[in-house]
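4 protein chains.
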Amino acid sequence: MEDSIDLSQIPGGWADTGRAEAFSDAVLAIIITLLVLDLRPPEFSPGELWIGLLQQWPTYLAYVTSYLYVGVVWTNHKAAFRRIRYIDRGLHWANLGILFTTALLPFPTAVIAKAMQHGNRADERTAVALYALIGALLCASWLIFFRYLSRHPDLLEKGVGKRFFQLEQNRAWTGIALYSIGGLLGYGITPAAALAVFLILPLFYAITSEGLYKLPALIHQH
Amino acid sequence: MEDSIDLSQIPGGWADTGRAEAFSDAVLAIIITLLVLDLRPPEFSPGELWIGLLQQWPTYLAYVTSYLYVGVVWTNHKAAFRRIRYIDRGLHWANLGILFTTALLPFPTAVIAKAMQHGNRADERTAVALYALIGALLCASWLIFFRYLSRHPDLLEKGVGKRFFQLEQNRAWTGIALYSIGGLLGYGITPAAALAVFLILPLFYAITSEGLYKLPALIHQH
Amino acid sequence: MEDSIDLSQIPGGWADTGRAEAFSDAVLAIIITLLVLDLRPPEFSPGELWIGLLQQWPTYLAYVTSYLYVGVVWTNHKAAFRRIRYIDRGLHWANLGILFTTALLPFPTAVIAKAMQHGNRADERTAVALYALIGALLCASWLIFFRYLSRHPDLLEKGVGKRFFQLEQNRAWTGIALYSIGGLLGYGITPAAALAVFLILPLFYAITSEGLYKLPALIHQH
Amino acid sequence: MEDSIDLSQIPGGWADTGRAEAFSDAVLAIIITLLVLDLRPPEFSPGELWIGLLQQWPTYLAYVTSYLYVGVVWTNHKAAFRRIRYIDRGLHWANLGILFTTALLPFPTAVIAKAMQHGNRADERTAVALYALIGALLCASWLIFFRYLSRHPDLLEKGVGKRFFQLEQNRAWTGIALYSIGGLLGYGITPAAALAVFLILPLFYAITSEGLYKLPALIHQH
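Protein sequence lines, in the order shown, are assigned to chains A, B, C and D.
Just so we're aligned, residue 1 is where the first sequence starts under the working numbering, counting upward by one.
Just so we're aligned, residue 1 is where the second sequence starts under the working numbering, counting upward by one.
Just so we're aligned, residue 1 is where the third sequence starts under the working numbering, counting upward by one.
Just so we're aligned, residue 1 is where the fourth sequence starts under the working numbering, counting upward by one.
FYI, nobody ran anything at the bench for these hints, they're computed from the structure.
Cβ coordinates follow ideal geometry from the N, Cα and C atoms, glycine included.
Hints are not guaranteed to be accurate.
Label-pair ranges, simulated between beta-carbon atoms [stated by the list, open to error]:
hint, chain 1, residue 1, chain 2, residue 2, range
1, A, L54, C, L133, 38 to 48 Å
2, C, I200, D, W173, 26 to 36 Å
3, C, E43, A, P46, 30 to 40 Å
4, C, H118, D, S45, 48 to 58 Å
Covered by chain B, per the in silico footprint, the following chain A stretches (three or more residues, Cβ under 8 Å) [what the hints assert, rightly or not]:
hint, stretch
5, 17-29
6, 62-74
7, 169-179
All chains should be modelled from the sequences, with the hints used to inform the complete structure.
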């Protein structure tokens with residue numbers, strides 16, 4: 001595809017988004033699939049396999065939550081890149097920042113699962129605080145990405161308005177705020193409150209993945 | 001590629017299927033390849049490597065079965081997406097549902113292999129019941145996918161008839177029914193019966209991957 | 001890309017090779033990269049890290065050999081698919097057969113590395129016999145692939161002669177013969193002889209990856 | 001895509017760079033993502049999860065460093081392939097050489113992390129020497145790649161001057177020299193000096209990823 005590009009036509013260092021999308025797809029596909037590596041047959045005494053399988057429930061819940069979350073990141077990523085025409089070095093690194101924080105996600109997920117199986121209340125607090133930290137970082141990486149785009153409108157497809165990226169930044173700030181609140185609730189009061197916030201947040205992002213400003217249209221549609 | 005799309009021409013939130021196919025290809029490629037990670041050199045006393053290798057036979061059988069199954073999912077996925085022109089958010093999540101249940105497959109496969117090596121008859125029953133449950137879920141995710149398509153015919157390529165998706169839904173119901181029967185046979189009577197059903201089902205899906213309605217044509221051809 | 005295809009123009013069940021190539025690329029990329037997972041920091045007593053690193057030499061050699069081999073498979077795969085225009089279900093499964101045997105490769109490689117570090121002469125014989133078996137299977141999967149193509153010339157790009165696939169089949173038979181000889185030498189006489197054959201074979205395939213019939217041209221060129 | 005190529009138009013054995021880029025993207029995506037597998041929940045006594053998490057700091061630092069490095073390799077790879085029109089067998093293997101040395105990177109990274117947690121000063125020296133060796137090999141693989149291109153200018157896009165590849169070779173030589181110096185400093189004087197060099201080097205390559213000759217333009221821009 002690159003061979004059809006007239007290099008003299010594109011500003012120095014810019015490129016179309018094809019390889020960035022392919023690379024991001026591959027990274028997100030790997031993250032979503034590696035999660036399944038944590039699903040292992042349990043150790044068991046003969047005749048007690050079913051008990052071992054049931055006792056792994058935090059691992060199953062962690063798997064489902066993380067899968068949903070990475071699915072949300074992928075659909076959001078796709079919605080954003082539909083509006084991007086060129087990518088420069090700054091946007092490459094902003095994109096690598098999103099992939100970095102998303103790739104971190106299985107780590108605090110596994111920490112929560114382990115804290116709930118082997119730790120006490122203090123460990124559960126630590127684990128939810130770590131998850132909230134990584135979640136807030138993930139939202140912050142999206143904020144950086146959208147701020148960069150709103151300052152470089154020449155990278156966008158024609159007809160993409162400033163409003164899209166303004167509202168996307170609001171979505172990102174909402175996420176940072178809610179993860180911080182969830183983390184504080186979980187650390188200060190009860191881990192269960194934090195887990196509820198962590199489960200609701202991906203749903204919020206899933207529903208608004210085409211941007212908050214589509215919500216009125218969505219309500220009309222249904 | 002996205003840059004050649006006139007956003008004003010495509011209904012809001014729709015996109016061509018390029019990235020969904022690339023993402024699905026990557027996920028299925030990872031699932032089919034991660035299976036090989038379970039093939040490890042056995043522990044052995046000097047001079048007894050060959051015994052250790054032979055004793056791993058359930059792992060080899062599990063590897064071959066799962067490889068075939070993921071291969072079938074991939075060819076079916078390809079056959080379905082050939083008929084899809086646009087993808088919207090609902091179809092994205094239906095597709096992520098298929099990838100989710102397919103990614104689960106190595107887990108019950110490993111549980112069966114472990115139950116046959118280290119468990120008793122009760123554990124084998126548990127393992128085949130788990131496998132049947134995941135298998136039925138996998139078929140159910142295809143059912144949801146095809147129902148969504150049959151209700152959103154505007155997402156399809158031109159010239160793709162309703163009949164294709166009706167027959168695909170029948171294939172999915174057949175799978176759900178047979179996995180349930182296999183699971184009940186395996187749990188109630190003998191695990192071997194379930195294993196036979198589990199091996200035959202992918203073959204059924206492999207042969208009919210272009211849709212049941214191609215069967216008469218296939219018979220003619222040969 | 002699929003959306004630009006006029007389904008009525010392509011015989012039923014055929015498709016262009018785009019997704020098959022993307023899927024194969026992903027699988028081969030994963031295989032070649034997973035090999036590095038076997039390179040782990042050694043256990044060591046303080047001050048003796050360098051000894052631990054040196055003692056892992058069979059792992060390094062196994063890594064290099066397998067990397068070369070998968071690289072050869074990829075370049076051969078690319079050379080073959082350049083000549084293929086359409087892919088049907090039979091060719092899909094022939095391709096999945098190649099990916100299956102290639103994905104197996106890290107397994108006998110790890111078995112050889114382990115046999116040389118922890119086993120005796122009998123274990124080394126077993127390990128080289130296993131490697132020869134998988135190597136011969138890999139060549140056999142290419143043989144099936146090329147036989148299928150030579151019997152379905154309508155799947156090929158225009159201008160691709162029968163001779164290409166005849167010579168490719170000869171290359172495959174050569175591989176089956178040499179792996180069998182190497183395995184017998186290694187099992188019957190000395191494992192070192194087998195290892196030499198296993199190292200030379202990928203080089204033979206690397207040099208002839210554009211087909212044996214290019215050799216005269218290559219000699220001219222240089 | 002391949003099907004639109006007129007084979008008679010392209011010199012024997014050449015191909016466009018599409019599959020080489022897709023394969024490289026997949027390999028680099030896997031390398032960058034596998035690094036996260038080393039982030040595991042620590043073992044801990046009840047109530048001491050937070051201590052366990054803090055004690056893993058060398059692993060976190062190693063993860064960030066390697067992620068940055070692979071990100072740099074990817075952006076450099078992309079910048080180079082933008083200028084390449086055709087790929088022949090020699091360039092394929094030069095590219096596979098870059099992927100080989102990049103895939104090695106997590107290994108010395110993990111060795112450094114382990115040496116800092118479990119080893120003494122001698123082990124830290126060994127670890128930084130190993131890292132410097134792999135780093136120098138990585139630069140050498142780029143050197144081979146760019147030398148090959150400068151000797152085969154017919155593989156390049158039109159309008160790509162010789163100067164680009166000359167300056168890229170200088171960048172590669174700079175890397176080989178600095179990794180050697182870093183390794184010697186770290187081995188002979190103090191591991192900390194080596195670590196500083198290892199952290200600065202990826203930044204140097206990140207800033208100059210469009211080629212040293214863009215630096216004046218960059219300075220102008222800002």
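Hint by hint, here is what the structure shows:
| no. | hint | in the structure |
| --- | --- | --- |
| 1 | A:L54 with C:L133: 38 to 48 Å | holds, 41 Å |
| 2 | C:I200 with D:W173: 26 to 36 Å | holds, 34 Å |
| 3 | C:E43 with A:P46: 30 to 40 Å | holds, 32 Å |
| 4 | C:H118 with D:S45: 48 to 58 Å | violated, 34 Å |
| 5 | 17-29 | holds (count 8) |
| 6 | 62-74 | holds (count 3) |
| 7 | 169-179 | violated (count 0) |
Going down the numbered hints, you'll see the structure goes against 4 and 7, while the others check out.
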